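Position chain B relative to chain A; hints supplied.
Residue numbers (the working numbering), protein chains in the order written: chain A, 1 to 275; chain B, 1 to 275.
Since the hints were derived computationally from the structure, they do not count as laboratory data. Small disclaimer: the values here were computed from a predicted structure and weren't measured. There may be inaccurate statements among the hints.
Same chains, same label: a pair holds when it works inside one copy or across any pair of copies.
As the list claims (entries may be wrong) - Below, simulated SDA-like cross-link-like pairs (lysine to any residue); rule was C-alpha separation at most 20 Å, straight line:
1) Lys4 with Asp226
2) Lys5 with Glu178
3) Lys168 with Gly61
4) Lys168 with Pro65
5) Lys168 with Ala64
6) Lys217 with Asp88
7) Lys217 with Gly61
8) Lys211 with Phe238
9) Lys211 with Arg141
10) Lys176 with Pro110
11) Lys168 with Gly157
12) Lys8 with Ser105
13) Lys8 with Arg96
14) Lys168 with Val158
15) Lys5 with Glu48
16) Lys176 with Gly72
17) Lys217 with Asp20
18) Lys5 with Ala43
19) Lys176 with Tyr68
20) Lys168 with Pro66
2 protein chains.
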Amino acid sequence: MSFKKRIKALTFDTGGTVLDWHTGFRDAFETAGRRHGINRDWAVLANELRRRSMQAMLNLGRDAPPSYNFDGAHQFSLDAILAEEGLDVFDDEDRRTIAWDAPHSFRSWPDVRDGLARLRDRYIAVSFTLLSHRLIIDTTRRNGLMWDAILSCEGMGVYKPLPAAYTKAAAMLQLKPEECLMVACHRFDLDAARNLGFRTALINRPDEWGKAIGPQKPPPGSEPYDIELNSFLELAAFLESESLAKRKSPSAVRARSAPLDQQLLADTALIALYA
Amino acid sequence: MSFKKRIKALTFDTGGTVLDWHTGFRDAFETAGRRHGINRDWAVLANELRRRSMQAMLNLGRDAPPSYNFDGAHQFSLDAILAEEGLDVFDDEDRRTIAWDAPHSFRSWPDVRDGLARLRDRYIAVSFTLLSHRLIIDTTRRNGLMWDAILSCEGMGVYKPLPAAYTKAAAMLQLKPEECLMVACHRFDLDAARNLGFRTALINRPDEWGKAIGPQKPPPGSEPYDIELNSFLELAAFLESESLAKRKSPSAVRARSAPLDQQLLADTALIALYA
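Isolated chain A, as found in the complex:
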C-alpha cells in the first residue's frame, strides 16, 4: 500500500506552522508602545516573548502535572520581559492585550485555510498543539479554519516533545503512529514524532521569527523528513496526486520544495540563540 494510503490522519503543529505568532505579537507590542509614546524594536520583544513562553511549555508535565497552560506562560513571560526592559508603564490592559487577546487573534498563514480544507477532505485533520484549547478555538473561528478535533497538550497533561504526548495523540485517534502524518515547521516536533513512528511532513515557514531573522537552516547532517514542502497547498496537491504516489521514495518530494541552502537557523538553534 502506498505511503499516502496508509496515512489516515494529519496531526498539525499549530503555533508557527498554522499561525503567524510573530506578526501578532509584534503588532500588539507596537500598539501598546504607541499608547505610551514608546518606541522599541518590538519584533525583537515579540520573539523574546515567544522564546520564553515556548521554553516554559516544552516537556511540561514530565516531572509533575502542569500548573499553567500556554496562555499562562505568555502572561508570566511578558511580565518578566516588561520588568527587565523597564516597561512597567504597560498596564493590565496592555498586558492582557499582548498576552491573551493577540495570540487568540493570531492570523493563519495565507495558504492554510484553503490548504487545510483540501487536506481535510481526504484525511482526519487535527490540531496537535502546545497552545491552549481556547486559543485554538478562537483562532480557528477567526480564520475560518476547520479541525476535526483539537488535541491540545493542555488536555493531555504532557507536552510535546515528550514521547507520551505523541503516543496519546495517536491513541486518541485510535490509529497506529504510522497512520499519522505529523505536519510541522519545527524540527524538534517532527524528530520526536518520527521517533514514535509517525510519518513526517516539514512545512517551511521562513518568516516564522520575522523577516529580520529569516528562514531557518536544517542542522548539519539532519535526516530529511518524508515530505518537505512550502505550504499546505503544496501538501494538499502532493497528497491528492496519483502520479507522485508512484515515486519510489517519499523523500523524492524534497526536491520539489524551495532550496533550503539559503536558510539560516534551525528552530532549535534559534530558541537557544535567544536564551
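For chain B alone, kept in the frame of chain A given last:
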C-alpha cells in the same frame, strides 16, 4: 446583562442528544442477524447494548484511571449480550460492525446539522461527551457537522456526571460555569451541570430509545431547566431572538415546547428499568 449574553459557549451532550444511537445499533444488529438467518427483536438488543455500555461509562475514573473508552464498553457489552442471548454465531466481523462501525456511523437527528451551524455562529459550540474522540470525529465528518472542539471525557480521564468533568470542561474553555450552557436530552447530565453552575437546556429526544419506548417523562417534582425545547433549530431561534430575551424568566421558554405530559420515562429511570 441578559441570560443569552452571559452565555459564551454551548456544551453539547452528543450521544442521544445529537446522534440517533438506537436506529444505528438496531440496523446493525438486524443486518448481522439477517446474515445468519436469525430474527429477534433487535430494537430491544440495541437498547440493551446502549444501557450496559452507558452504565460502564457513567462516573468512570472516580476510583481509578479508566482502562477503556466508550468504544471498549460497546465491545465488551456486546460480547456479554451475545453470549447471554445464545448468539455466539455472530463472528468477529459482526461484532466489529455492531460495536465499532455502527456507532462511528451514527446519524444525527434531522434538526442537528442546520441548528448547530446557526448556534455556532454566535457561540463556541463543543461536543462534551462520554463517547470517544474518534467516534465524534467520524460522526461529525459523516453528518457534516461542525464543532469548535471535542471535549471528550476520554481525554479528561473523568466521565460525566462526575463533577470534575464539568469543571474541567469549563476550565478548558477558560470560562466560568455560568457562561456555559449545557445542552442535553438527559436529565442526569443537566442536573450535574446545573450543580456546578452551568446554565441548562433540555432538548427533548422522544425517540432516543426507539418508538416502542417512546418519549420520556420528567421525574415527579423535577425542577425545570433554563430552557426546554424540542430541537436545535428551536434553540437557535430562541437564542437568536431579541424579543424573547425580554421575557422575565428563562423558564418561560418551557411553555413553547411540546407538552411533556405524554412522556413516559425519565432517562435515569429508563436506564434502571433495563438493569
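> Which of the listed hints are not met by the structure?
Replying inline: Violated hints (numbers, rising): 6, 7, 8, 9, 10, 15 and 18; every other hint is consistent with the structure.
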